[in-house]
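Given next are the chains, with one letter for each unit.
2 protein chains.
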Amino acid sequence: MIDETHDATRRSWVAGADGHADFPLQNLPLGVFSCGADGPRGGMAIGDDILDLAELAGAGILDAGAAALARTAAAPALNAFLALGPAARRALRRAVFDLLAVDGAGSQAARQMSTRLLKPARACTMHLPVSIGDYTDFYAGIHHATNAGAQFRPNEPLLGNYKYVPIAYHGRSSSIQVDGAAVRRPAGQLPVSGARAPVHAATDQLDFEAELGVVIGTGNPMGEPIPIGAAREHVGGYCLLNDWSARDIQAWEYRPLGPFTAKNFATTISPWIVSPEALAPFRRQAFRRGAGDPAPLAYLDDEEDRSSGGLDCEVTIGLQTAAMRGSGTPPVTISTTNTAYLYWTVAQMVAHHTVSGCNLRSGDLLGTGTISGPAPDSVGSLMEMTHGGREPIALPSGESRRFLEDGDLVILSARCTREGFSSIGFGACRGMVASAASRRPDIPGR
Amino acid sequence: MIDETHDATRRSWVAGADGHADFPLQNLPLGVFSCGADGPRGGMAIGDDILDLAELAGAGILDAGAAALARTAAAPALNAFLALGPAARRALRRAVFDLLAVDGAGSQAARQMSTRLLKPARACTMHLPVSIGDYTDFYAGIHHATNAGAQFRPNEPLLGNYKYVPIAYHGRSSSIQVDGAAVRRPAGQLPVSGARAPVHAATDQLDFEAELGVVIGTGNPMGEPIPIGAAREHVGGYCLLNDWSARDIQAWEYRPLGPFTAKNFATTISPWIVSPEALAPFRRQAFRRGAGDPAPLAYLDDEEDRSSGGLDCEVTIGLQTAAMRGSGTPPVTISTTNTAYLYWTVAQMVAHHTVSGCNLRSGDLLGTGTISGPAPDSVGSLMEMTHGGREPIALPSGESRRFLEDGDLVILSARCTREGFSSIGFGACRGMVASAASRRPDIPGR
Chain A
1 MIDETHDATR RSWVAGADGH ADFPLQNLPL GVFSCGADGP RGGMAIGDDI LDLAELAGAG
61 ILDAGAAALA RTAAAPALNA FLALGPAARR ALRRAVFDLL AVDGAGSQAA RQMSTRLLKP
121 ARACTMHLPV SIGDYTDFYA GIHHATNAGA QFRPNEPLLG NYKYVPIAYH GRSSSIQVDG
181 AAVRRPAGQL PVSGARAPVH AATDQLDFEA ELGVVIGTGN PMGEPIPIGA AREHVGGYCL
241 LNDWSARDIQ AWEYRPLGPF TAKNFATTIS PWIVSPEALA PFRRQAFRRG AGDPAPLAYL
301 DDEEDRSSGG LDCEVTIGLQ TAAMRGSGTP PVTISTTNTA YLYWTVAQMV AHHTVSGCNL
361 RSGDLLGTGT ISGPAPDSVG SLMEMTHGGR EPIALPSGES RRFLEDGDLV ILSARCTREG
421 FSSIGFGACR GMVASAASRR PDIPGR
Chain B
1 MIDETHDATR RSWVAGADGH ADFPLQNLPL GVFSCGADGP RGGMAIGDDI LDLAELAGAG
61 ILDAGAAALA RTAAAPALNA FLALGPAARR ALRRAVFDLL AVDGAGSQAA RQMSTRLLKP
121 ARACTMHLPV SIGDYTDFYA GIHHATNAGA QFRPNEPLLG NYKYVPIAYH GRSSSIQVDG
181 AAVRRPAGQL PVSGARAPVH AATDQLDFEA ELGVVIGTGN PMGEPIPIGA AREHVGGYCL
241 LNDWSARDIQ AWEYRPLGPF TAKNFATTIS PWIVSPEALA PFRRQAFRRG AGDPAPLAYL
301 DDEEDRSSGG LDCEVTIGLQ TAAMRGSGTP PVTISTTNTA YLYWTVAQMV AHHTVSGCNL
361 RSGDLLGTGT ISGPAPDSVG SLMEMTHGGR EPIALPSGES RRFLEDGDLV ILSARCTREG
421 FSSIGFGACR GMVASAASRR PDIPGR
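Chains A and B, in that order, are what the protein sequence lines are. Going by our numbering, the first residue of the first sequence is number 1, and it counts up by one from there. Going by our numbering, the first residue of the second sequence is number 1, and it counts up by one from there.
Watch out, some of these pointers could steer you wrong.
Identical copies look the same in the list; a pair holds intra-copy or inter-copy alike.
Said to hold, decoys possible - Only pairs whose alpha carbons sit at most 25 Å apart, straight line, appear in this in silico SDA-like list of lysine to any residue:
1. K163 with L190
2. K163 with P191
3. K163 with P198
4. K163 with R361
5. K163 with A251
6. K163 with F152
Rather than coming from a laboratory, the hints here were simulated on the basis of the structure.
Please take these sequences and the hints and turn them into a complete structure.
Okay, here's the thing in structure tokens:
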């Protein structure tokens, strides 16, 4: 639904917001931050600042209903607010839009107390935006599934069930970190070529996976599947997600029950939850199936989802090695992909996840799976770029990479653009590889 | 460590405790219960009663240290208490032992206020004992892995990695229920013999899996693996676990990322956490590997674990059909197995889970995987008993079963026995199958 909060001609009085790469007035994502002595609390990103929702709730410039919503969203985790559902989310976004727009109702009052309401983002620390009960990772990138399958099963890259069932596995929620946290190179069992026995060692094939994260807003009771027509209303918002993976460990352990220690050591998400409302202009038709592809089963098929279940959002993967950092060289873009490449829509994922009666809870996280396009420079993992490490990529610094090295900084970012609309982004999802020997590595950028 | 709390000659003044099938004085497991108007709180099972730890903490009959422990354990979830670690757990168990033993210090005072301290279990409702962050299910039953593998991969039942890596997958924590909750028959994608396309329907192959559940006591920081020598100290206790599974859905969806909707609809656990202390007399050597089997890699190998990492505990699977219930026929035992059949020890599971640096948190739940022995009457799932449904089992009622039917009640129970020691049990882990059409089925026995 496009409304006046999407009007690109509307300006904000917050310095730096108009034309901001990620957070113009038309975005207003939710996150949890702390600043100085204040404890973690909910906020909204606007330009280079954060709107402090705890301060806003007490400022006396919202009506009672909106102030109550701001107070709920000001908690140290956004679960309770997102559980209120789409109407509450839309109401708070709309109220804040009116305060921060140059010509909005209440903008003068807000502007007068701007030093109280706005905190410079660079002075704040971001936290996980929700308490994540369960984390599920899908496998909806069909090009990725084909490319990855070719590494693990050269004779059978894309399995016969792929175009019928939205494949997914349950992931590890305890090790989900927010942007900026270091990732210690994991150890595990590595297969040894030509030998029956593996070795216990640090992974030699550490990889990233660029994904979209989906945060559940309203859950469902156990035993009551969410019909696909209602699925969209259960989504609280979106973030970027890096599903770090150790390919050698994965290849050895994944049969028959899927990846385990190859992925449970860390997952990184970007700190801001971008709302379905902010993304509305960037909806597009769902992935266009090929002529020979089966139609989705009825419980995964919905007219509205077919016409607007896709999302046009460009995802960029940046890499900065330790040597580049040392010489002041900025990160280099190694791939650019797009969420439109996902074979399954988010609504299909939600409907399939709950088809068994499985209950989702507010704050649960879904990953879409690695987003890859058909071209070599549009894939979402190093395994794909380097064909399993056999064809290293060359970096402008003169270095090359098969897989990640210690000190490598991986940066996911995303940008939704459409003619006539303000572009919006997600903020960064960064993680630096710490050596296997490091204990509790420092968190860079904090 | 065997001490006087294991002395079988010690008696309790609580009526019905001595010789109780599950909960004599020598057990004292922790759980969370509610009774009448009182909200959920921690308790200890003794005979047919529950010791109310909130009442105990305020009764003035414990020293200050033990009273503080009782107060922590009286919370509506046991996470905080279990996080205190083994010394605190042992101290509380010992203090309660002394109060409830006929000749214990403080037993006279406790006996005088027994109506305040003890609640009849039949009048109480049990709740999940911990708030479960992450749930991980292992696959440590080698006979089960072989039998199940033969169903899904007739040419390659036991994969080449099995004897090296403790296979596991991350499970779903939101749908874990406590003893007595109904399980709605799940729907999903079922393969159709001879066809490329599946159908969306209720499962025709609903199964149980009898497992031991392991509750984490003290967690570990992210990035710091738990060495096997320390792993035992991180276990807070044990319960029984039924990993309900839809075999037709599983067979279709499990490649390449493991089971998902085939298992995420429900998992049932018994309500009492049996302590490592209570189980100490029933330790035995770890699973004896065959002559051609590889030794565990060093990070999974420990002298103490080899000599006492196994557990001798008989697990019984009972079944009562609706027809049996209607005619007053008690449940029939359809299989009896033993935790000693597990190929990997619990310490090996903990060490492997964290080898990557994955953090465990207090209250996290591990399942051992289905426990099966080598004989047909010692397997832990119907799939194994009926060879994938092809050879139905006959019940004394004249009925037969390929897989579970609506109205079937599955009852897991367990008993540890050893000459010279009091036998202890776990309490029941029960679940009744509700029809696919039922919405939010009633919970029997509540």
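Now the hints, each set against the structure:
For the homomeric pair K163 and L190, the shortest alpha-carbon distance between copies (14 Å) is at most 25 Å, but the shortest distance inside one copy (31 Å) is not. For the identical chains of this complex, K163 and P191 are inter-copy neighbours only, at 13 Å across copies versus 31 Å inside a copy, given an alpha-carbon limit of 25 Å. With identical chains, the CA atoms of K163 and P198 are at most 25 Å apart between copies only, with a shortest distance of 11 Å across copies and 34 Å within one. With identical chains, the CA atoms of K163 and R361 are never at most 25 Å apart, being 27 Å at best within one copy and 37 Å at best between copies.
Taking the shortest alpha-carbon separations for K163 and A251, both the intra-copy value of 23 Å and the inter-copy value of 16 Å come in at or below 25 Å. In this assembly of identical chains, K163 and F152 lie within 25 Å of each other by CA distance both inside one copy and across copies; the values are 19 Å within and 20 Å between.
The earlier numbered hint that this structure contradicts is number 4, and it is the only one.
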